[in-house]
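Enquirer: Sequence:
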Amino acid sequence: MFKREMKTVLKSQHGMSLIEILIAITLLGVVGTLVVSNVIDSLREGETNSTKIQIKSLGKILLDYKRKCGAFPTTDQGLDALVQAP
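Taking my numbering, the leading residue of the sequence shown gets 1, the next gets one more, and so forth.
Fair warning: there could be bad hints in the mix.
What the hints assert, rightly or not - Capping the alpha-carbon separation at 25 Å, the derived lysine-lysine pairs in DSS-like fashion look like this:
1) Lys66 <-> Lys56
2) Lys68 <-> Lys56
3) Lys66 <-> Lys52
Claimed, not checked - The calculated label-pair distances, taken between Cβ atoms and stated as ranges, are:
4) Leu58 <-> Ile25: 47 to 53 Å
5) Leu79 <-> Ile23: 56 to 62 Å
6) Ser50 <-> Asp76: 28 to 34 Å
7) Val31 <-> Gly59: 39 to 45 Å
8) Gly78 <-> Thr48: 24 to 30 Å
The hints are simulated quantities; they were obtained by calculation from the structure and are not laboratory data.
For glycine and all other residues, C-beta sits at the position ideal for the given N, C-alpha and C.
Let's have the full structure, built from the sequences with the hints guiding it.
Expert: And the structure:
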């Protein structure tokens, strides 16, 4: 009696078909792609913000140099003029 019930239970349980597995893998791939895309966009946004801050800082340094020296450094002086004391 027990064996007959076990066989009935085992026959009624089905595993996942190949198509179901492929659909699940595809969905995981799509979700993974979206997550990676968002992470990369966030990293690029952070780099952009960092660059903007650095440019503003350089602009302030240039204005400070102009206040102290009366003019911006020439091309020949280059950015080294901002590092050395006038």
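Enquirer: Work down the list of hints and note, for each, if the structure agrees.
Expert: Against the structure, the hints:
At most 25 Å may separate the alpha-carbon atoms for a hinted pair to count; Lys66 and Lys56 meet this at roughly 15 Å. For the given pair, Lys68 sits about 19 Å from Lys56 by alpha-carbon distance, which is consistent with the 25 Å threshold. Of the pairs offered as hints, the one joining Lys66 and Lys52 holds, with about 21 Å between alpha carbons and a cut-off of 25 Å not exceeded. In this structure the supplied range 47 to 53 Å holds for Leu58 paired with Ile25, their Cβ-Cβ distance being about 49 Å.
Taking 56 to 62 Å as the suggested C-beta distance range, the pair Leu79 and Ile23 conforms, at roughly 57 Å. Against the hinted window of 28 to 34 Å, the Cβ-Cβ separation of Ser50 and Asp76 comes to about 30 Å, which satisfies the hint. Distance hint check: the CB atoms of Val31 and Gly59 are about 43 Å apart, consistent with the given range 39 to 45 Å. For the pair Gly78 and Thr48, the beta carbons lie near 26 Å from each other, so the given range of 24 to 30 Å is met.
When the structure is compared with the earlier hints, no violation turns up for any of them.
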